[in-house]
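Chains as they are written, first to last, in my numbering: chain A, 1 to 198; chain B, 1 to 136.
Derived from the structure by calculation, the hints contain no laboratory data. Check before you lean on any hint, since a few could be wrong.
Said to hold, decoys possible - Residues from chain B that keep clear of chain A, each with C-beta distances beyond 12 Å, as calculated: (1) SER9; (2) LYS21; (3) HIS34; (4) ASP44; (5) ARG63; (6) ARG66; (7) GLU78; (8) SER81; (9) ARG82; (10) ASN95; (11) ASP128; (12) PHE135; (13) GLU136.
What the hints assert, rightly or not - Incomplete in silico selection of chain A near chain B, CB under 10 Å: (14) ILE54; (15) VAL75; (16) PRO79; (17) PHE80; (18) ALA101; (19) VAL155; (20) ARG156.
As the list claims (entries may be wrong) - PhoX-like, lysine-lysine: derived pairs with alpha carbons at most 20 Å apart: (21) LYS56/B <-> LYS159/A; (22) LYS29/A <-> LYS12/B; (23) LYS29/A <-> LYS94/A; (24) LYS35/B <-> LYS25/A; (25) LYS30/B <-> LYS133/B; (26) LYS62/B <-> LYS159/A; (27) LYS159/A <-> LYS184/A; (28) LYS12/B <-> LYS62/B; (29) LYS30/B <-> LYS68/B; (30) LYS133/B <-> LYS12/B; (31) LYS56/A <-> LYS94/A; (32) LYS184/A <-> LYS94/A.
Think of the CB as a built atom: it goes at the ideal place given N, C-alpha and C, for glycine as much as any other residue.
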Amino acid sequence: MFFHIRLERNLQLHPRFFGPQLRDKLVEKLIHDVEGTCSGRHGFVVAVTGVDTIGKGLIRDGTGYVTFPIHYQCVVFRPFKGEILEGVVTLVNKMGFFAEAGPVQIFVSNHVSLLKFVCSSSFSLNNLESLQLIPDDMSFQSGDVPCYETSDSSVRIQKDSEVRLKIVGTRVDATEIFCIGTIKDDFLGLIGDPTAGA
Amino acid sequence: MANEEEDASELKLGEDFLKEKCLMNAEVAKILQHKYDTANQMSDDPSSQLSQVFEKSFAYVKRFSRYKNPEAVQQVREVLSRNQLAEFEVCVLGNLCPETVEEATALVPSIAKKGRLDDERIEQMLADLARIKTFE
Chain A
1 MFFHIRLERN LQLHPRFFGP QLRDKLVEKL IHDVEGTCSG RHGFVVAVTG
51 VDTIGKGLIR DGTGYVTFPI HYQCVVFRPF KGEILEGVVT LVNKMGFFAE
101 AGPVQIFVSN HVSLLKFVCS SSFSLNNLES LQLIPDDMSF QSGDVPCYET
151 SDSSVRIQKD SEVRLKIVGT RVDATEIFCI GTIKDDFLGL IGDPTAGA
Chain B
1 MANEEEDASE LKLGEDFLKE KCLMNAEVAK ILQHKYDTAN QMSDDPSSQL
51 SQVFEKSFAY VKRFSRYKNP EAVQQVREVL SRNQLAEFEV CVLGNLCPET
101 VEEATALVPS IAKKGRLDDE RIEQMLADLA RIKTFE
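Okay, chain A solo, but in the shape it has when bound:
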């Protein structure tokens, strides 16, 4: 889910930049440092939308660099466990499929054992029995275009399909958030079909 939030940061600036363009330089540095990054707490910072205040600079002892506290607003993307959203399938294999929703990758698994392996204490999945996250009536079809298909071929999930899924767990590492999703519940699954009308 996208949010518009206020954050603050301390920026350090070398004295060579002190001059009439000081503020511009600070904003430029902020954007460079923060846009495109990801944290577990706030999610992915997609874009800085404005700067509220830049506080007084504090000269650091011994180095001459100056630290400025800066309050700014930005658009972030933060996935939540239990959230339902739409995404695009990017990769299909016999383990399951990957979908992308904005900057975040979501994996929907076909294999109970794989999920137990991936599941560490940082995922909070309560019921391990419900780990098969693709419906039972869909099976993997390999071939030129690998896909998951129902037995009567009425529903096919392949690369570039649009799917609606629910996030069941999230994990954060140094630079990104990774999610596990399911399409097994009601009203989840394929929405747009790239082969429709073919």
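Dock chain B against chain A, hints included.
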């Protein structure tokens, strides 16, 4: 690092996000379009300035925007906010556009909790949303 108690289906978003402004895909598309246009004007090679996170998010919100008209988005917000919904619920409903009461309560279970909206109000709300979409 993720808070173990978080659960969007019960609106447990943690202190950081519960009171924050949520954005629908259509609203994000408008903001990112503006940023993209500014980057285009200021430099010959905008892709050097815009991060991959930006590019992916921009492509995503353009693809999954349910409304083309910004006024329609404004109306959707008004309709949904009239029903005392949390920001997060407003945006999930605005993004996914459920058609039936059953679908809406499956997608956003927190709206049907005891003491909140009854089926009739949800149905009215969805009818209003459908009307906005038809006339957008």
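Tested hints:
| no. | hint | in the structure |
| --- | --- | --- |
| 1 | SER9 | violated (4 Å) |
| 2 | LYS21 | violated (5 Å) |
| 3 | HIS34 | violated (9 Å) |
| 4 | ASP44 | holds (18 Å) |
| 5 | ARG63 | violated (7 Å) |
| 6 | ARG66 | violated (10 Å) |
| 7 | GLU78 | holds (18 Å) |
| 8 | SER81 | holds (16 Å) |
| 9 | ARG82 | holds (21 Å) |
| 10 | ASN95 | violated (7 Å) |
| 11 | ASP128 | holds (20 Å) |
| 12 | PHE135 | holds (23 Å) |
| 13 | GLU136 | holds (19 Å) |
| 14 | ILE54 | violated (20 Å) |
| 15 | VAL75 | holds (6 Å) |
| 16 | PRO79 | holds (9 Å) |
| 17 | PHE80 | holds (4 Å) |
| 18 | ALA101 | holds (6 Å) |
| 19 | VAL155 | violated (17 Å) |
| 20 | ARG156 | violated (19 Å) |
| 21 | LYS56/B <-> LYS159/A | holds (16 Å) |
| 22 | LYS29/A <-> LYS12/B | violated (34 Å) |
| 23 | LYS29/A <-> LYS94/A | violated (44 Å) |
| 24 | LYS35/B <-> LYS25/A | holds (18 Å) |
| 25 | LYS30/B <-> LYS133/B | holds (18 Å) |
| 26 | LYS62/B <-> LYS159/A | holds (19 Å) |
| 27 | LYS159/A <-> LYS184/A | holds (19 Å) |
| 28 | LYS12/B <-> LYS62/B | violated (28 Å) |
| 29 | LYS30/B <-> LYS68/B | holds (10 Å) |
| 30 | LYS133/B <-> LYS12/B | violated (30 Å) |
| 31 | LYS56/A <-> LYS94/A | violated (57 Å) |
| 32 | LYS184/A <-> LYS94/A | holds (17 Å) |
Going through the hint list in order, the structure does not satisfy hints 1, 2, 3, 5, 6, 10, 14, 19, 20, 22, 23, 28, 30 and 31.
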